[in-house]
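If you're matching them up, the sequences are chains A and B in order. Here the first sequence is numbered in the working numbering, starting from 44 and rising by one per residue. Here the second sequence is numbered in the working numbering, starting from 2 and rising by one per residue.
Just so you know, these hints were derived from the structure itself, not from any lab. Just so you know, these numbers come straight off a predicted model, no measurement behind them. Possibly wrong hints are sitting among the right ones.
Stated by the list, open to error - Listed below are the simulated EDC-like cross-link pairs for lysine to aspartate or glutamate, each with C-alpha atoms no more than 16 Å apart in a straight line: (1) B:Lys90 / A:Glu505; (2) B:Lys74 / B:Asp56; (3) A:Lys260 / A:Glu155; (4) A:Lys168 / A:Glu95; (5) A:Lys81 / A:Asp420; (6) B:Lys90 / A:Glu506; (7) B:Lys63 / A:Asp187; (8) B:Lys63 / A:Glu512; (9) B:Lys31 / A:Glu505; (10) B:Lys31 / A:Asp222; (11) B:Lys153 / B:Glu66; (12) B:Lys31 / A:Glu583.
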Amino acid sequence: MKIEIQHRDPNQIMKLSRLGCFHQSKLSFLRSFIREFKDWKFKNELFELNEEGYGTAVYSVSQNDRTYSLVCFANTLDDSERSDRVIATKWDAAFVIHDGLPSKNDIQRLRENVPKQEVGRCSFKELALSRANRSVRIFNHVIDSLSNGKQPDKKLLTEVGYLYRTTAVYGSGKFGLADRYRIKDRPEINGPFRIEMMLVYLVRQFTFDQVNHIAHKKNPNKSVKLDLELSRQIGIGNSTGLGMAPFIINHPTLLHQWIYVREEALKQIREIKNVKKNEIEIFKKFLQLSKKNINNWNTDSEFQNIKITQLKEDIKKFEKYYLCNIIFNKEYFWNEMYQWVEKYLTHEGVEYVVSLMMEPYDNIINLLVPQMSSDEDQYFDIPTNRSTDQLKSSIEKSYPNIIKMDFSADKSNENFWYISKNKEEPRLASRFNEPGAELEQPLAIARDIKELHIRLSSYNNEELSIFLEENSDLRHVVRRCHIVEKLPYAEIQDNSIGSELMPIDMLRLKLSFFGAQKFDPRSDKWLRICMYQGAPLMHEINKSNDTWIYN
Amino acid sequence: MQSSSEINTISKRAARAVGYSWGVAEEVGKCISSIEMFGISGVENLNNYFKTIKDIEPEGPKQIEKNNKLNDKSLCPIYTGLKLIDNYKSVDRIKALTFINLDYPLLLLPFVNKLSYLIGKRIEISIDDMNVECNLNICVLADHQIKSLIIKKANTVTINILENEDSFSNKTWNELYKMSTETFVEETELSKQTGAGAGLRDND
Numbered sequence: 044m045k046i047e048i049q050h051r052d053p054n055q056i057m058k059l060s061r062l063g064c065f066h067q068s069k070l071s072f073l074r075s076f077i078r079e080f081k082d083w084k085f086k087n088e089l090f091e092l093n094e095e096g097y098g099t100a101v102y103s104v105s106q107n108d109r110t111y112s113l114v115c116f117a118n119t120l121d122d123s124e125r126s127d128r129v130i131a132t133k134w135d136a137a138f139v140i141h142d143g144l145p146s147k148n149d150i151q152r153l154r155e156n157v158p159k160q161e162v163g164r165c166s167f168k169e170l171a172l173s174r175a176n177r178s179v180r181i182f183n184h185v186i187d188s189l190s191n192g193k194q195p196d197k198k199l200l201t202e203v204g205y206l207y208r209t210t211a212v213y214g215s216g217k218f219g220l221a222d223r224y225r226i227k228d229r230p231e232i233n234g235p236f237r238i239e240m241m242l243v244y245l246v247r248q249f250t251f252d253q254v255n256h257i258a259h260k261k262n263p264n265k266s267v268k269l270d271l272e273l274s275r276q277i278g279i280g281n282s283t284g285l286g287m288a289p290f291i292i293n294h295p296t297l298l299h300q301w302i303y304v305r306e307e308a309l310k311q312i313r314e315i316k317n318v319k320k321n322e323i324e325i326f327k328k329f330l331q332l333s334k335k336n337i338n339n340w341n342t343d344s345e346f347q348n349i350k351i352t353q354l355k356e357d358i359k360k361f362e363k364y365y366l367c368n369i370i371f372n373k374e375y376f377w378n379e380m381y382q383w384v385e386k387y388l389t390h391e392g393v394e395y396v397v398s399l400m401m402e403p404y405d406n407i408i409n410l411l412v413p414q415m416s417s418d419e420d421q422y423f424d425i426p427t428n429r430s431t432d433q434l435k436s437s438i439e440k441s442y443p444n445i446i447k448m449d450f451s452a453d454k455s456n457e458n459f460w461y462i463s464k465n466k467e468e469p470r471l472a473s474r475f476n477e478p479g480a481e482l483e484q485p486l487a488i489a490r491d492i493k494e495l496h497i498r499l500s501s502y503n504n505e506e507l508s509i510f511l512e513e514n515s516d517l518r519h520v521v522r523r524c525h526i527v528e529k530l531p532y533a534e535i536q537d538n539s540i541g542s543e544l545m546p547i548d549m550l551r552l553k554l555s556f557f558g559a560q561k562f563d564p565r566s567d568k569w570l571r572i573c574m575y576q577g578a579p580l581m582h583e584i585n586k587s588n589d590t591w592i593y594n
Numbered sequence: 002m003q004s005s006s007e008i009n010t011i012s013k014r015a016a017r018a019v020g021y022s023w024g025v026a027e028e029v030g031k032c033i034s035s036i037e038m039f040g041i042s043g044v045e046n047l048n049n050y051f052k053t054i055k056d057i058e059p060e061g062p063k064q065i066e067k068n069n070k071l072n073d074k075s076l077c078p079i080y081t082g083l084k085l086i087d088n089y090k091s092v093d094r095i096k097a098l099t100f101i102n103l104d105y106p107l108l109l110l111p112f113v114n115k116l117s118y119l120i121g122k123r124i125e126i127s128i129d130d131m132n133v134e135c136n137l138n139i140c141v142l143a144d145h146q147i148k149s150l151i152i153k154k155a156n157t158v159t160i161n162i163l164e165n166e167d168s169f170s171n172k173t174w175n176e177l178y179k180m181s182t183e184t185f186v187e188e189t190e191l192s193k194q195t196g197a198g199a200g201l202r203d204n205d
C-alpha cells in the first residue's frame, strides 16, 4: 500500500528559528541558474582596462536570438572610501545586466549612470544593477603572487572565498530597471532571481580576468595566470544587511512558492516506496563531500559557531546511529530516515539532511523549480463579499500561535521597522529608545493579526466591506489572511518586532534559497556570504554538472 | 523613465504619508501604476490631489447608493473607489450611480476598472462631459485628450454598468458562422461507424 505523506506543518516550519536553519539545495537559485544556462554561449565581448585594471568590460550570454550582457565599470577607489555599507557612494566596480548587446551609446549612457548606483538611472533595457568592492587583502595578494610568477596561497583563498564582495544586487524595476512583467514570460528566466544570479556569475568571471590582466601588465615577462582549479574555488562574496529581511514579509506569495516547493520535494521523496541503492549512495556521497564545506565554514560569530557546532554534532550522530545501520531493501527508506532525523537532530541537522535528500532526484526537482515564481497580483484583491466570521475562523486556522501571543508586554513590541531617510533602506530600531515609531512600516504582521482577531470578535457575521470601512488601519492584514488561507507557507509564524527577534534568521532563509554558503554573521543584523564557490568557470559551463557546490 | 514598480512604491508611500492606512496605500500604489500603464496621468493627478488634502480629512460616501454626495465637502476619489470595489455586488445591483462633487476624478478610473473586472462587465463613466469606458481591468478606453489632463474636480461623475450584450446582430453572426464552417470536413460513413462512442446507445 502506498503511503501518503502530508506537507510539514507551516506553524512549525515557518518559525524564524527553523527558517534560519535552512541550507542550500538543488532548488537554490545559483544552481538552477547554471542548470538553465549551461548550454548558452558565454563570451567576453569587450575588455578595455588600463594597466591598473580600471575601465570597461562586457560579457555576453546568448542563445538563438536572445542575448544578455553584463557591462562592468571598474573604477579607482581610495582605501578610505571603501565601505560595504549600503550608505556608501563609491565602489571598486559597478555592474549592470543589459537586455541584448549594448551599443556604444548604451555603454556611454551606462558609464554615466551605473557607477552612481542608486542616484543614477537605468532604463527598461537594463535588468539588474550591482556594485562590488575588492577584498583588498586577497586581491593584492593574488596580484602580487601572479605578477611574480606564483600562484596565490590556496588556503587563504579558500578561507576567504572571493576576490570581490557585492554589496547590493538590484532588479525588478528599481532605479528605472525593467519591471519584472516585461521579461517574466521568457522561459529561461522563469525562476526567481535568475537575472541577478546571472549578474553575479558573470561578475565572478570579470574578477578573474581583471586580476590576470593587472598581473600581466605589472610584470609581462614573469606573470602567470590564475590557476583554473584555484579559480573554481573562488566565488563572489556578498555583504547583506537588513534590506533583505523585509523582502520575505513584503512578498508573501513568493515566500510561499519557495517553501512550498521545498516541502513538496520532501513529500515526494518521502513517498518513494522502493528507494534504489544508488540513490542512497548519492545521498551518502554528497553528505561526505558537504562536510568539507562545513569544516571550511569560518566565522567569528558566536551565534553562528553554536549553530555550526550543532550541525557537526548532528551529522556525527546521524552517521553513527543511523547511516551505519541502513537496511537497503526496506520500503519507504527516506520517510523512515526523515522521521529518525526529525526525532533526534536539531533543526540545523534536520534541514541539512532535507537539502541533501534532494540530490539524487533531478526528475523531481527539475519539475518543481519553475514553480518558484509567483504572480502576486493574482492574490491582491480582498474578497469583500465574505463575512467577518469567515475571516475570524480563517485566522484561527492559519495563525493559531500568533493569536495566543501577548502584545500587551513591551518586550513583544520592542522593535519597529522603518525606511531610513538617507538611503531609503529598511532598518530596525528600538521602539522605546529611538524616534520614528509613528512612521513604522507594515511589517509587524503578528501584532496586527492579533489585533484583527480581537476586533473581529465584536462583529457578528457581517460583511467584510463593513468591517473594512470601520477598520481601515487593518486592511493590509485582512489581505494577508486571505493570501495565507490559500498559500499556507506565505507567512512567517513569528513576532517580527519582539525583543527576541534575530533578523539574521530572515537573511539566512532568503540566502539559503539563493544557494549561498558560509553564512558569516557580523552582527545580528548583517552577514557575509559566498556565492558560486566551486562553480564551473565560464568557458566550461557547458560541461558542468549540478554538483559543483560540493567541489 | 520611472518603472511601474517605482510608481507603485512611491505612490504607496506618499499615500501613507498623507494619512491613508497602509492597506489603503497598497491599493493606491497598485491603482496608480496600473493607470499609468494605460497612459493616463495617475502620478500627476495623485500628486496634485495629495497637496490639497494636507489640512482636510478626505472622505468617501458613507455607503454606496444611487446618488452619492457629501453635504459639506467633496468626495475623495480613493475612498470612493475603495467603496466601489469593496461593495461591488451592491454596485452591480444598483447599475447606474452618480457622484456629486468628486475630487480628482481621474483617480477613480483604476478603481472602476478593477470594479469592471470584479463584476465581469464593462463600465461606462462620464466625468462631466467626458466619457471613458473600463473593460474588465484589461483596458481603459478614453479620448486621447483625457490622458494628459489633470482634473481637479468633477461636478458629476456617473457610472453605468453595461450588460454583457453582443455588439452585432444575429444575422451578422450567422453569416460569419457560415463562413467559418467552410473549414470543416464532411464525415464519411466509415468514420461515423468507427468514431468515439460508435455502436453504443446513449439512452442506456
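Each hint, compared with the structure:
no.: 1; hint: B:Lys90 / A:Glu505; verdict: holds (15 Å)
no.: 2; hint: B:Lys74 / B:Asp56; verdict: holds (13 Å)
no.: 3; hint: A:Lys260 / A:Glu155; verdict: violated (27 Å)
no.: 4; hint: A:Lys168 / A:Glu95; verdict: violated (30 Å)
no.: 5; hint: A:Lys81 / A:Asp420; verdict: violated (32 Å)
no.: 6; hint: B:Lys90 / A:Glu506; verdict: holds (11 Å)
no.: 7; hint: B:Lys63 / A:Asp187; verdict: violated (75 Å)
no.: 8; hint: B:Lys63 / A:Glu512; verdict: holds (9 Å)
no.: 9; hint: B:Lys31 / A:Glu505; verdict: violated (27 Å)
no.: 10; hint: B:Lys31 / A:Asp222; verdict: holds (14 Å)
no.: 11; hint: B:Lys153 / B:Glu66; verdict: violated (23 Å)
no.: 12; hint: B:Lys31 / A:Glu583; verdict: violated (44 Å)
In summary, the numbered hints that this structure violates are 3, 4, 5, 7, 9, 11 and 12.
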